[in-house]
Every structure is written in structure tokens, then in C-alpha cells.
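Residue numbers (the working numbering), protein chains in the order written: chain A, 198 to 389; chain B, 38 to 438.
Hints in this document: simulated from the structure, not taken from any laboratory. Misleading hints may appear alongside valid ones.
Some chain B residues judged to face chain A by a derived CB distance under 8 Å, without partners named [as the list claims (entries may be wrong)]:
1) M211
2) T320
3) E321
4) T324
5) L328
Computed beta-carbon distance windows for the label pairs [to be verified]:
6) N280(A) <-> W432(B): 43 to 51 Å
7) G362(A) <-> D287(B): 36 to 44 Å
8) A423(B) <-> R264(A): 31 to 39 Å
9) K230(B) <-> H323(A): 55 to 63 Å
Please read all numbers here as calculations on a predicted model, not as lab measurements. Yeah, the Cβ is synthetic: ideal placement off N, Cα and C, and Gly gets one too.
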Amino acid sequence: MYEVIWHGRGGQGVVIAAQILAESAYLQGFKGVTSAPTFGPERRGAPLTASTRISDTPIRTFSQIERADIVVVLDPTLFTAVNILGSLKPTGWLLVNTSQQPDELDVTAGINVATVDAAAIALKFHLIKEGAPIVNTPMLGVFARAAGIVDVEHMEKGLKWKLSGTAAATNIAALRAAYEEARIKPGTSQVP
Amino acid sequence: MSNVQIMTGNSAAAWGARLAKVQVVSAYPITPSTSVTETIANWVERGELKAEYVRVESEHSVMTVCVSASTVGARVFTSTSSHGLLYMHEQLHWAAGSRLPIVLCCINRGVGAPWSIFNDQQDSIAQRDTGWIQIYCRDNQEIIDSVIQAYRIAEEVYCPVMVCYDGFVLSHTMMPVDIPDAEEVCRFLPPYKPHTLLCAEEPRNINPVIFPWQRRDAEGVLRDGYMDMRWKLQHALEGSAAVIARTSRDFAERFGRDHGGLLWGYRTEDAELFIAAMGSIATEATTAADLLREQGVRAGVVGVRVYRPFPREEVRQAFRSAPAIIVFEKDISYGYEGALAADIKAALYGTGIAAPIHNFIAGLGGRDVKAHELAEAVRASLAAMAQGTRERQTWLNCVTE
């Protein structure tokens with residue numbers, strides 16, 4: 198079973214991203230998928246998480262994830278607000294929306310890192326909601342490229358399942374761009 | 038032809054009501070139940086579900102609307118949580134006493150004070166003695182299937198059914214759910230035939246003041262007294278067990294999914310240790326059982342799906358060879374013990390089943406319950422049992438000093 202934690206702020210589409218990943222994984226043939234928001238109230242702008250579990254067999258655990266295989270960060274300013282690395286396995290993947298290179302991030306050498314400027318990609322494809330770039334779908338592209346669990350074709354199918362025609366096309370374009378532009382730095386520990 | 042969608046427990050409940058072609062829906066929003074009837078309200082407004090959606094000012098009125106609509110022959114649905122359910126309490130008794138086949142989804146949430154919006158099962162357990170059938174679901178597929186089954190059960194035995202599932206843990210977690218075919222559901226679920234029809238052409242006085250004794254009515258017919266009617270409710274609840282089991286089997290034949298009727302088992306055949314639980318914590322316990330078996334402890338799980346009527350015979354059968362029983366539950370009967378543990382012990386009285394029974398109170402007010410924590414708790418209990426501790430109550434992950 199793969200466990201994924203999404204970090205973002207209220208309004209950034211963290212919950213939707215976790216859902217689309219679950220749906221894409223199901224479409225790819227994983228029998229067990231769950232996605233859950235942080236249980237409780239949500240506030241726009243406040244740090245929040247969502248989670249996705251992906252497994253070959255139906256999932257029989259609903260507890261909160263302690264250590265994820267993959268952690269996705271939609272807002273790099275969260276590193277100073279939340280203990281993001283504390284919820285990542287030492288051999289896991291850290292996927293960050295940032296203009297920085299993986300080398301520039303202050304993380305231990307063991308973990309695998311991928312970065313992409315998802316905000317720039319979103320702006321390029323006019324993926325803007327309430328004045329802010331929509332960074333969740335580009336991060337799905339990075340996920341497909343780096344984590345290698347759900348491939349980009351099924352991410353696209355997942356987006357099509359969730360979104361209507363025009364919205365799906367724009368989001369898919371952004372997802373593909375992020376897939377191409379992702380900067381990968383494998384860690385010194387074994388890949389999960 | 039399966040139609041799988043990835044959906045929340047609340048979507049699954051709404052879909053169940055939609056497929057059952059409910060005719061009247063009334064609700065008052067409360068976390069975490071809100072999106073159930075929000076979804077249904079959307080369908081009604083868009084004309085996708087031909088139902089009357091009645092907005093009222095409180096949950097008490099919600100159940101009053103349900104009672105009234107069911108009395109005039111409509112198939113009715115509502116959902117609520119926690120304080121909303123407690124506020125309905127008086128009308129819950131009324132619905133059962135009136136023998137109305139209302140289906141209510143209780144999205145389990147803790148009860149104040151202090152305020153909590155998070156999950157435990159104190160709300161529905163506190164309604165145990167209202168005369169409602171109670172079903173506890175272990176995942177979202179079971180929610181949609183149980184809502185459909187609930188109407189067939191309710192309308193056959195003329196008792197209301199509460200379909201309970203854990204707030205947030207299931208209500209807000211998305212997972213694959215196979216949506217049953219609408220026409221197949223129609224064939225499974227015949228139209229509702231009210232036991233008494235109230236209509237303008239044939240006015241009646243329903244549930245007037247009744248006396249302790251039997252009494253002749255205006256036509257000279259000897260009518261039940263209060264106690265005779267109450268016995269009939271008890272008789273109906275007890276008799277519903279067979280109907281629930283049969284409905285579950287019929288559903289399995291038609292749709293290919295068997296949720297186990299009154300209770301279900303997981304890896305119990307050779308188990309040296311039986312975990313008992315209801316709802317999503319029972320699902321978590323199956324993962325704990327796997328962990329325990331990896332560690333050399335042959336654990337099995339008995340999931341109690343139907344809490345009322347309490348499946349006394351099935352519990353006796355399930356535990357007949359149990360060397361040890363550990364009950365995990367998200368409720369507490371203050372001043373005694375967990376409601377499920379108490380009922381299991383009572384069911385085993387006089388059977389000769391002499392297994393030690395430990396009771397864990399867990400996950401109150403949304404405290405996270407992890408499979409490995411359940412496994413650790415089981416090992417600690419087994420050690421204490423080996424030392425001769427036959428009964429014990431433990432609050433899992435709780436400061437008790």
C-alpha cells in the first residue's frame with residue numbers, strides 16, 4: 198500500500214487533488230483507493246492536509262497516516278508552519294511546488310525530491326481561481342513523473358472523469374507541462 | 038455491468054435513498070451529516086429525484102415530518118448526527134411506536150458537552166431503546182447497500198431503521214462504491230404498503246391516548262392497551278432479525294455482495310482470540326488481525342452489523358469456541374461499560390461459553406484509532422488474561438490518571 202499526504206492551504210484544491218489521484222489509481226487498476234480530507238472544519242488559507250491511499254487490494258484502514266511514502270506540498274511557505282518532513286518516510290518522495298531546484302531545499306539527503314514551478318505553469322495555462330494559480334493539477338503531473346505509481350495517461354483519465362471538457366483539456370495541458378518540467382533528485386536511500 | 042464511482046460515505050447514503058426512490062425527505066443540517074441531504078436537495082431541485090424536500094427549523098420537526106409523511110403512505114428518508122439525533126429522541130420513540138418504516142442515516146458523531154464534531158457512536162447508542170433497528174456499516178459500499186436493504190426490512194416488519202456509519206471516517210472518506218442498477222433495485226424493493234392509510238376520504242384518529250387495559254372501540258372491537266402494543270413492538274423487533282438476515286441473503290443473490298446479515302466474521306475459523314466491534318473500527322480491526330497473525334497471534338474479528346435487534350443467537354454461535362474475546366467500541370454506558378461488551382456478555386449468559394472478555398473504549402470524540410494500536414492492545418489484553426484477568430475495561434490512548 199502506498200500512502201500519500203497532501204499539504205496545502207484551504208482553497209488550494211488539496212482535497213480535490215487527493216481525490217483525483219485516488220480515481221486515477223483506480224482507473225489504472227488499483228482495487229483499493231481511499232482519499233480523505235483532514236477530518237474537521239476547514240478555513241480558507243489555513244494549513245490543511247488530505248490523504249490518498251493506493252493498494253492492490255481493498256483498503257481496510259481509515260486511520261490517519263503516520264509516515265507517508267509520498268508527501269506533496271502545494272505551498273512552499275508551509276515548511277515553516279508545519280512539520281512536513283516529520284510525516285514522510287526516510288526513503289519517501291517529497292514533491293514540492295516551488296521555483297527552487299531540489300538541491301536548494303533544506304531536506305535530508307536520504308529522501309527523494311522533485312520540484313516544479315506549478316504556479317508558473319498554472320499561470321501559463323490560465324488556470325486561475327479567485328486570483329490565485331491552481332497548482333493542484335500540475336502537482337499530479339509531478340506525481341506521475343516522480344513517484345511512478347500512477348502514470349500520466351491515467352492521471353489524464355482521472356481528470357477527465359472529474360472535470361468537464363474545456364476544464365479537463367486545460368488541466369491536462371498543465372499536468373503534462375509539469376510532468377515534463379519536473380526536476381528530479383533521487384535520494385541516497387532506496388526508492389520506496 | 039458494474040458502475041463504480043469513488044465516493045464519500047455521505048454520497049453513498051444519498052445514492053441509496055435515491056435508488057430507493059424516496060418520496061419525502063426532510064432534514065436539518067448538522068456536521069458531519071450535512072452533505073447527505075445537501076446532495077439529495079440538489080437532485081430534487083434539478084428534477085433528478087421526484088421527491089418532496091421539506092425544510093424545517095429543527096431535527097425534532099424533521100422526525101415529525103417523517104412520521105406524518107410515512108403515515109400518509111410516503112417512503113421517507115432523513116439523516117442527522119449527534120445533537121440532531123438527540124433532539125429527535127422523542128419523535129424517534131413516536132416513529133417506532135407508530136410502526137412506521139422510516140429510514141434514517143445516523144452519521145455517528147460525539148455528543149457534547151464539551152462540543153465535538155468528531156466521530157464516535159455515543160449518539161446512536163444513546164437511542165438504543167427507542168425501538169429502532171440499528172445497522173452499523175463498515176465501509177461506503179455497505180452504506181449504499183444497507184440503505185436499500187433498510188427500506189425492505191422496515192416495510193416488511195413496520196419498524197424504523199437507523200443506518201449508522203462513522204462520521205468523517207466514512208462520511209468524508211472517498212472509496213470505490215459500486216452503484217446498484219436502478220431497475221434491479223426496483224425489483225428488489227417492492228413499493229411501500231402502509232399498514233394504515235390516513236387520507237381525507239377516510240379520516241382516522243391515530244395514536245390517541247391509550248389506557249393501561251384493553252378496551253372496546255366505538256365499533257365494539259376489543260383494542261390493545263398500551264402494554265399490548267408495546268409487546269407487539271418488541272415482538273416485531275425480535276422477529277426482524279430473520280427478515281434482516283433473509284434480506285441480506287436476497288440482496289447478495291441479486292447484487293453479488295453479502296454484508297453478512299446480522300454479523301460477519303473475518304479469519305475466525307482457527308482464531309485463538311476474537312475481536313468484536315461495530316462500524317469502521319471493526320474494519321480497522323481486520324487489519325489489526327492481519328498484523329497479529331504476522332506476529333503469531335491467531336486473531337479473528339466478529340463485526341456486529343446489527344445492534345438492535347441484538348443478534349443473541351448469532352453471537353452465541355460466533356463465540357461458541359472463542360478462547361478470548363476483546364471488544365473495541367466507540368461508546369460508553371457511563372457508570373457501567375461499553376454497550377456492545379455488556380450485550381455480548383449478556384448474550385453468553387448460561388451458554389457455558391466462559392471466555393474472558395476485555396472491553397476497550399476507543400476513539401471517543403474522533404481520537405484516531407490505528408490498526409497497530411489495536412494489535413498492541415490485544416497483545417496486552419492476552420497477557421493480562423494469561424495472568425487470570427477475566428474482565429477488564431481499558432480506555433485506549435486516554436489519560437486515565
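These are the hints, each one checked on the structure:
no.	hint	in the structure
1	M211	holds, 5 Å
2	T320	holds, 5 Å
3	E321	holds, 6 Å
4	T324	holds, 5 Å
5	L328	violated, 10 Å
6	N280(A) <-> W432(B): 43 to 51 Å	violated, 28 Å
7	G362(A) <-> D287(B): 36 to 44 Å	holds, 42 Å
8	A423(B) <-> R264(A): 31 to 39 Å	holds, 32 Å
9	K230(B) <-> H323(A): 55 to 63 Å	holds, 57 Å
Hint violations for this structure: numbers 5, 6, all remaining hints satisfied.
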